[in-house]
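If you want the building blocks of each chain, they are given just below.
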Amino acid sequence: DAGVTQTPRHEVAEKGQTIILKCEPVSGHNDLFWYRQTKIQGLELLSYFRSKSLMEDGGAFKDRFKAEMLNSSFSTLKIQPTEPKDSAVYLCASSLAPDWGGANYAEQFFGPGTRLTVL
Amino acid sequence: GDSVTQTEGLVTLTEGLPVMLNCTYQTIYSNPFLFWYVQHLNESPRLLLKSFTDNKRTEHQGFHATLHKSSSSFHLQKSSAQLSDSALYYCALSDRSNYNVLYFGTGTKLTVEP
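Quick mapping for you: the protein sequence lines, in order, are chains A and B.
Using this note's numbering, read the first sequence as starting at 1 and increasing by one per residue.
Using this note's numbering, read the second sequence as starting at 1 and increasing by one per residue.
Be careful, since some hints might not be right.
[Unchecked claim] Label-pair restraints from in silico Cβ distances:
1) B:40 x A:8: 40 to 46 Å
2) A:64 x B:15: 40 to 46 Å
3) B:42 x A:12: 17 to 23 Å
4) B:79 x A:73: 28 to 34 Å
5) A:44 x B:71: 23 to 29 Å
6) B:14 x A:41: 27 to 33 Å
7) A:59 x B:5: 41 to 47 Å
No lab work stands behind these hints: they were computed from the structure.
Just so it is clear, CB atoms sit at the ideal spot from N, CA and C, and this is done for glycine as well.
Required output: the full structure, derived from the provided sequences and hints.
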């Protein structure tokens, strides 16, 4: 079974450009997450979808970051306009829906990430 | 709101010595789920350990951790560090109230030297 895939793996953008990152979750997973990873802040949640519905849209990232889930097997993260401080690794993760009543945690599986550099 | 604190940003150890990475958390919910994720160089994070049972030790791949609700802690330990343990370790919390959202600490970079 294929894991989470992300494209492109590397992206270089000029300040002010629009970039779109792509993610394909594990087949059959209900939940999809977008994270930003930096050395200082670690992993920060950008967006969270449950069955294509947006459940959480990271407050600090709302103005220039927009994630969409067009179907259950594809999601995009648009950054518009890009700024140098957006340089980071963007990770997509997916999971099954957890069954908290049964104390079953749904492990999040991470993709390889997209390394974004904004000049 | 929920939060996780990892006090050490960098830990350097000599091979063979014990490992202990600190993790404390804050949540108003009484039944949190705690996790450790590990990320090796040029790889993505993957789950290492998880627990929701108070005072019960959980183990995987030589690492262990015990959730202590009384002190809101979930420290990661290993009796003897190996070179291959060098990686970035994240502690994370789910309060089980907000679907599958995880609250991550800032991470601890562990370097094991010969």
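*With respect to the beta-carbon atoms only, verify the hint that residue 40 of chain B and residue 8 of chain A lie 40 to 46 Å apart.*
22 Å, violated
*Is 27 to 33 Å a correct range for the gap between the Cβ atoms of residue 14 of chain B and residue 41 of chain A?*
30 Å, holds
*For the pair residue 42 of chain B and residue 12 of chain A, does the Cβ-Cβ distance stay inside 17 to 23 Å?*
18 Å, holds
*Evaluate the given range 40 to 46 Å for the C-beta pair formed by residue 64 of chain A and residue 15 of chain B.*
45 Å, holds
*If you check the beta carbons of residue 79 of chain B and residue 73 of chain A, does the distance land in 28 to 34 Å?*
43 Å, violated
*Could you check the hint for me, namely that residue 44 of chain A and residue 71 of chain B are 23 to 29 Å apart, CB to CB?*
26 Å, holds
*Confirm or reject the claim that residue 59 of chain A and residue 5 of chain B have a C-beta distance inside 41 to 47 Å.*
21 Å, violated
The structure does not agree with the numbered hints 1, 4, 7 stated previously, though it agrees with the rest.
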